[in-house]
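*Asks:* Taking the hints as your guide, dock the two standalone chains into a single complex.
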Amino acid sequence: MTQRFIKGWRPVAVLLLFILLWELCSRWFDIPEWLLPPPTLIMETGINSWSDYAPHLFSTIRLTFTGFMIGVMFGLLLAVFLHLLPSVREALYPLLILSQNIPIIVLAPLLVIWFGFGALPKLIIIVLVCFFPIAIAAMDGLRQTNPEWMHYMKMAGATKGQIFRKLEWPNALPSIFSGVKISAAYSVMGAVISEWLGANKGIGVYMTLASSSFRTDRVFVAIFLIMSLSLLFFLLINLLENKMTSWQRKGGGAHE
Amino acid sequence: MNKLVVDQLTKSFDSSIILQNVSFSIQEGEFVSILGPSGSGKSTLFHLIGGLYPPDSGDIYINGERTTGEKGKISYMPQSPSLLPWRTIMENVILGSEIIEKPNKAEALKMIQQAGLEGYEQAYPSQLSGGMKQRASFIRSLLSPQSLICLDEPFSALDEFTRMDMQEWLLSIWTEHQRSILFVTHNIEEAIFLSDRVIVLSDRPAKVQREFKIPFARPRNSSLMLTREFLNWKKEIFEELKVLV
Numbered sequence: 179m180t181q182r183f184i185k186g187w188r189p190v191a192v193l194l195l196f197i198l199l200w201e202l203c204s205r206w207f208d209i210p211e212w213l214l215p216p217p218t219l220i221m222e223t224g225i226n227s228w229s230d231y232a233p234h235l236f237s238t239i240r241l242t243f244t245g246f247m248i249g250v251m252f253g254l255l256l257a258v259f260l261h262l263l264p265s266v267r268e269a270l271y272p273l274l275i276l277s278q279n280i281p282i283i284v285l286a287p288l289l290v291i292w293f294g295f296g297a298l299p300k301l302i303i304i305v306l307v308c309f310f311p312i313a314i315a316a317m318d319g320l321r322q323t324n325p326e327w328m329h330y331m332k333m334a335g336a337t338k339g340q341i342f343r344k345l346e347w348p349n350a351l352p353s354i355f356s357g358v359k360i361s362a363a364y365s366v367m368g369a370v371i372s373e374w375l376g377a378n379k380g381i382g383v384y385m386t387l388a389s390s391s392f393r394t395d396r397v398f399v400a401i402f403l404i405m406s407l408s409l410l411f412f413l414l415i416n417l418l419e420n421k422m423t424s425w426q427r428k429g430g431g432a433h434e
Numbered sequence: 310m311n312k313l314v315v316d317q318l319t320k321s322f323d324s325s326i327i328l329q330n331v332s333f334s335i336q337e338g339e340f341v342s343i344l345g346p347s348g349s350g351k352s353t354l355f356h357l358i359g360g361l362y363p364p365d366s367g368d369i370y371i372n373g374e375r376t377t378g379e380k381g382k383i384s385y386m387p388q389s390p391s392l393l394p395w396r397t398i399m400e401n402v403i404l405g406s407e408i409i410e411k412p413n414k415a416e417a418l419k420m421i422q423q424a425g426l427e428g429y430e431q432a433y434p435s436q437l438s439g440g441m442k443q444r445a446s447f448i449r450s451l452l453s454p455q456s457l458i459c460l461d462e463p464f465s466a467l468d469e470f471t472r473m474d475m476q477e478w479l480l481s482i483w484t485e486h487q488r489s490i491l492f493v494t495h496n497i498e499e500a501i502f503l504s505d506r507v508i509v510l511s512d513r514p515a516k517v518q519r520e521f522k523i524p525f526a527r528p529r530n531s532s533l534m535l536t537r538e539f540l541n542w543k544k545e546i547f548e549e550l551k552v553l554v
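Line order of the protein sequences matches chains A and B. According to this note's numbering, the residues represented by the first sequence are 179 to 434, in order. According to this note's numbering, the residues represented by the second sequence are 310 to 554, in order.
Hints are computed from structural coordinates only; laboratory data are not their basis. Glycine included, each C-beta is placed from N, C-alpha and C at the ideal position. Mixed in with the good hints there might be a few duds.
[Unchecked claim] Chain A is faced by these chain B residues, among others (derived, beta-carbon under 7 Å):
#1 GLY359
#2 GLY381
#3 TYR385
#4 PRO387
#5 SER389
#6 SER391
#7 PRO394
#8 TRP395
#9 MET399
#10 GLY405
#11 ILE408
#12 LYS411
#13 TYR433
[What the hints assert, rightly or not] Chain A side only, calculated, beta carbon under 7 Å to chain B, not exhaustive:
#14 GLU326
#15 TRP327
#16 TYR330
#17 LYS332
#18 GLY335
#19 GLY339
#20 PRO348
#21 TRP425
Just chain B, with the same shape it has in the complex (with noise of 0.2 Å):
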């Protein structure tokens, strides 16, 4: 079944076309990646799934359910952490479900220890490090009741080698718990080192440019990175971007 489905999604601000008839479709467990250039509308593609403002025309469809302009129907994680600085981890990480229904501190207390949190529930976001806060959106967004989560660019403002730590981390922890995940970059490797499929946005208005489906096998760890086949589909990838800029 189609976790979910965007129909012919077209939206624009000003007089200027931002997304224009835009249709990707999720299936249960997927992980997807949209790949575009900054400012090619990837953002706004959110904002008009999680609900945030109407589309001029189309439609989303969670689970089956058309969910058009409704909030708190996916779960997010933002590209800053965005934890809230009077709250414990703890109660960071329950925030997304307390806001829908009555959080499991139980269920919680193990994922943060999944994390490599362990110890710090009752710190505050100021005593963590950047890639631990990141970890503790994510672990925020898999608590939320949603079951479709969307990610946009979390690991943007990581550096280097946080990031690739953060990568395999949110693989493992992916696998575990199969949700249907959307993940919206900017960055190839991530893409395609990540994602069964990659989407391909082009610039202004945002159009569907085309879809690629990674075949390498799961579990995969970072080694794959440097492998021909890797960069081969990383070739591919940027060239149909490189038609783009």
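The following block holds chain A by itself, in its conformation from the complex (with noise of 0.2 Å):
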């Protein structure tokens, strides 16, 4: 830990450095409060309106965790049903990269029109951001054993599923996390994309408020917590990660 604290000690001060800039640029030049806040006055508004934004924090929390978990729960099933039909995969590998190239935001509107502007329209602009690495990584993950092992297992009488449960999806589980961990950034994204589109809460909705009315400190604030929870988000499922793949840190010679 402390280790990691020394080491992170450079890019700690490049923002610091970055932010005292800001501050001190603000002040000199006389920047107008709506065009660019200053930092101090932006953390003042975090503190101070916290009773605002809090039920809109939490709405977007709950939005995005449970689209996210719909979306990796599609993302895997789908990999493991494409890995186990190599025919199908072959079929729908090249479509599912094809429908990567339509922008989410496009699309945004037609699900509107399809779901009206309940829950199911956001959740499935999540689920729509957040399935595909993990699909990808998965299936890449799940193909990428090596011969050698799948070799022995066959050798020693192993059935489809043995090799599947005993090698295939443990050789697979470290390429899924960081597909997983790439979807927890994007699931955030989509769902303040979701609220953009019509909803009375989340931060999304919090953000198109202050910014029609120049509350650029408050446009500023929803810009930081949507960092924070991408960040929060990552950091959870990197300690979920390290949990169940603590093998691959315990490596080195013999005799250690």
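*Replies:* Next up, the structure:
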């Protein structure tokens, strides 16, 4: 932990320097607050209007988490399904890649037309941005099984199910986690975009309201909240990953 | 009784014949080596015995039962240790038996201790040296329920010192457990030192060229390799192989 702290001081110093420069610039050049509020004002707003945005924040967290979980499940199920049926995978894999060329933001109005302004279209957006990195990462992880291990399992008489459970799945876990981490960051973004479409609660709504009333300080607070949420999500998944693939870090030579 | 009978096996891939009418057998508790130039179809022979794919013609019998094309009938030790990195040594050595039946952890622990891996039960493979990994891999095949063990050039990736160590270790643990072993190698000394019989395969297509019965008494130790008699055997087998190249 201390080692990580020692390593981490450089980026932290740069960040602090940047914030300091921002503060000084906005004072020296007398930049109007609606254009670029100084960091101190943003901090002040962040602390004082906690009760204003807290319900929005919790709503977004709930939405993000639900959508993310569904997206992870969907991505994993799809990956396993396509892995077990190679012919279907060959048919669907290119389409899957193609589907990601459609920007989600373009799909959003369609989803509103079809499903209205309830929770469903929002969840669909989050699932759409989440499932893809997980599905691709999981499929690659499942496919890239060491042929020597596969050979051993087959010679030892392992069934298809045993090969999947004892070899392919644990082998794919590190790869799956990289996909999950990307999805986690996407899911927060997906939630905010979906809230822009029409919602009565959420950080996205708070942000829209703030920007239309030129409360730029609040927009920055919202941006900061979204960043923190993404980061928190990422850290939680990192923690889970370290727990589930602890064997990866116990490397090194013999007699250690 | 014959542990393994290989009867007139023929296998070809894309019109090139790899194995042609290969026949031999292994007795209960016997240590037999297959010696041949690399690329002579030794691995194909193993894959056929392991049932990965069926032969074009011929049959395989294990314990008198026809097992041609059936998987899971032999216990297998591959060339690379092939330990799964997310399993501890304990979990790795019981993998072979886990696939077939409920593993016996107490026995596994005893074997781990016998192999000098005591204290490494909960370690991961990446924490072990090359020789230790091979030992764990061999214990895994000993703990598998199948009574015939097939070893596919298990020591070829090890350095000379570790290899000699491992050969002696293998013999000591084999005398204790008395299993039938089929051992594939391209190292003449290794074959003579370990085996009761050495079967020399010819090159492409592989046929049984000649069989040598190695008369040295057991237990053997590495000083045997320096005796005149050993060198005579080596010479004779070497001459046989030279004809092939």
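*Asks:* Next, verify each hint and record whether it holds.
*Replies:* Each hint, compared with the structure:
1. GLY359: holds (4 Å)
2. GLY381: This hint holds: B:GLY381 lies near chain A, its Cβ roughly 2 Å from the closest one there, short of 7 Å.
3. TYR385: holds (4 Å)
4. PRO387: holds (5 Å)
5. SER389: The hint holds - B:SER389 has a Cβ within 7 Å of chain A, the shortest such distance being about 5 Å.
6. SER391: With a closest approach of 4 Å, the B:SER391 hint holds.
7. PRO394: holds (6 Å)
8. TRP395: The hint holds - B:TRP395 has a Cβ within 7 Å of chain A, the shortest such distance being about 5 Å.
9. MET399: violated (13 Å)
10. GLY405: Check passed: Cβ of B:GLY405 comes within 5 Å of chain A, closer than 7 Å.
11. ILE408: This interface hint holds because 5 Å falls under the 7 Å limit.
12. LYS411: violated (14 Å)
13. TYR433: Holds. Min distance 5 Å.
14. GLU326: holds (5 Å)
15. TRP327: At about 5 Å, which falls below the 7 Å cut-off, the nearest Cβ of chain B leaves the hint on A:TRP327 intact, so it holds.
16. TYR330: This hint holds: A:TYR330 lies near chain B, its Cβ roughly 4 Å from the closest one there, short of 7 Å.
17. LYS332: holds (6 Å)
18. GLY335: holds (2 Å)
19. GLY339: With a closest approach of 11 Å, the A:GLY339 hint is violated.
20. PRO348: holds (5 Å)
21. TRP425: Holds: closest Cβ of chain B sits about 5 Å from A:TRP425, inside 7 Å.
This entry does not satisfy hints 9, 12, 19, going by the numbered hints stated previously.
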